[in-house]
Structures are given as structure tokens and as C-alpha cells.
Amino acid sequence: MEKCIFCGWYRRTNGPALRFYGIPREPGLKRVKWLCAIGDRELSPKDKVCSFSHISMF
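Using our numbering, the letters of the sequence shown correspond one by one to residues 484 to 541.
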């Protein structure tokens, strides 16, 4: 089950309209913004963020 690492929402409990995105791996402004928002947490390739967090960040 996918969980947003930013807000903690799950795909199954928050409805099908909520979309999940991977955090960009390549360096750039979007990755820097996510790393600043998440903090010192270790990132894995499976980490996802939801569309609600994605919209509120940018």
C-alpha cells in the first residue's frame, strides 16, 4: 500500500482521486524543495508523495 512520506496519507484510505508520485532522483529545484520539506530522512526509491502534498509544495 502506498503511503505519502510527507503527510502520511494512504491511497486506500483517502480515495482513488489521490495520486502518488515518486521523488525526482536527478538534481534540480523540485528535488531540493522536497528534501527541504522532508528534512534529514533517508530516501528510498519506493518513497512516494501524494498529489495533495505535491500541490501544496509548489
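These are calculated hints, taken from the structure and not from any lab test.
Beta carbons are placed, not taken as given, at the ideal position from N, Cα and C, and that holds for glycine.
There's no promise every hint is true.
Here are the computed lysine-lysine pairs in the DSS-like style, where the Cα-Cα straight-line distance is at most 27 Å [to be verified]: (1) K531 with K486; (2) K513 with K529; (3) K531 with K513; (4) K531 with K516; (5) K486 with K529; (6) K486 with K516; (7) K486 with K513.
FRET-style restraints, in silico, Cβ to Cβ [said to hold, decoys possible]: (8) G491 with L518: 27 to 33 Å; (9) A500 with E525: 16 to 22 Å; (10) P528 with G491: 17 to 23 Å.
Each hint, compared with the structure:
1. K531 with K486: holds (7 Å)
2. K513 with K529: holds (17 Å)
3. K531 with K513: holds (14 Å)
4. K531 with K516: Status holds; Cα separation ~14 Å.
5. K486 with K529: holds (10 Å)
6. K486 with K516: holds (19 Å)
7. K486 with K513: holds (20 Å)
8. G491 with L518: 27 to 33 Å: For L518 against G491, whose Cβ atoms are near 18 Å apart, the range 27 to 33 Å is violated.
9. A500 with E525: 16 to 22 Å: With Cβ atoms ~30 Å apart, the hint is violated.
10. P528 with G491: 17 to 23 Å: holds (19 Å)
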